[in-house]
Amino acid sequence: MLLEMGVLLIGIAFFIAAIFVSYALNNLAGVLRGVEKTVEQVPDQMNAMVKETTGLIKESNHTLEDINDKMKQLSPLFYVVGDVGNVTRKFSSSLVQVTESLKNKSDNGSDPMGKKKSGSLYGSFTTGYDWLKKRRQQKKQQKQGAAVNNHTNN
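Just so we're aligned, residue 544 is where the sequence shown starts under our numbering, counting upward by one.
If you're looking for bench data, these hints aren't it; they were derived computationally from the structure.
Please read all numbers here as calculations on a predicted model, not as lab measurements.
Yeah, the Cβ is synthetic: ideal placement off N, Cα and C, and Gly gets one too.
Treat the hints with care, as some may be off.
[What the hints assert, rightly or not] Pairs of lysine-lysine, DSS-like flavour, derived with a Cα cap of 27 Å: (1) K676 - K646; (2) K646 - K682; (3) K683 - K648; (4) K683 - K646; (5) K648 - K677; (6) K580 - K601; (7) K682 - K648; (8) K646 - K601; (9) K633 - K648.
[As the list claims (entries may be wrong)] FRET-style restraints, in silico, Cβ to Cβ: (10) K633 - L675: 18 to 24 Å; (11) S603 - R632: 36 to 42 Å; (12) G671 - M614: 38 to 44 Å; (13) M592 - A561: 43 to 49 Å; (14) E602 - S565: 53 to 59 Å.
Starting from the given sequences, assemble the full structure and let the hints guide the process.
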């Protein structure tokens, strides 16, 4: 009788183990069904992503072409601005040279206030003002000389 009870207990244990294994396998089947649904959706999602990416690349190419066209149109403007900068630099350097030569040619080159310095903006303006004042005096003297000559001729 002991043998029969041992076999009965082994059978019951085997039945309980079979129930747990079937439960685990059933859960595994549910997970695999979820994976199957996900895998079925992947091609559709990939197609949508590829279409969106293709549209984005086309739009980027269009924008890049537009930028390149605008840069081609603006290139001459940059060259003109560069040329204007070069002309301005040359003009200012020649103005400095003229100012220096006028300063050197001035009567005594004295600077009572000590503010005429060759590299300063104030020095350039004062030298230009001195030159303009002397030029006006020369014209005034020429007019007076012309007026005296006209009176003596009449």
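Evaluated hints:
Taken as a hint, the K676 and K646 pair is honoured in the structure, with Cα atoms around 13 Å apart against an allowance of 27 Å. At most 27 Å may separate the alpha-carbon atoms for a hinted pair to count; K646 and K682 meet this at roughly 20 Å. As the CA atoms of K683 and K648 are separated by approximately 20 Å, the hinted pair is consistent with the 27 Å bound. Proximity of K683 to K646 is assessed by CA-CA distance (about 22 Å); at most 27 Å being required, the pair is judged to hold.
Using a Cα cut-off of 27 Å, the hinted pair K648 and K677 holds, with the two alpha carbons roughly 12 Å apart. As the CA atoms of K580 and K601 are separated by approximately 32 Å, the hinted pair breaks the 27 Å bound. A C-alpha spacing of about 18 Å is found between K682 and K648, which places the hinted pair at or below 27 Å, so the restraint holds. A C-alpha spacing of about 66 Å is found between K646 and K601, which places the hinted pair above 27 Å, so the restraint is violated.
Between K633 and K648 the alpha-carbon distance is near 22 Å, which keeps this suggested pair within the 27 Å criterion. Take K633 and L675: their Cβ atoms lie about 23 Å apart, and the range 18 to 24 Å holds. Between S603 and R632 the beta carbon distance is about 41 Å. The supplied range of 36 to 42 Å therefore holds. A beta carbon spacing of about 42 Å between G671 and M614 agrees with the range 38 to 44 Å that was offered as a hint.
Taken as a hint, the range 43 to 49 Å holds for the pair M592 and A561, whose Cβ atoms sit roughly 46 Å apart. At about 55 Å, the CB distance of E602 to S565 agrees with the hint of 53 to 59 Å.
Violation of the numbered hints given earlier is confined to hints 6, 8; the remaining hints are satisfied by the structure.
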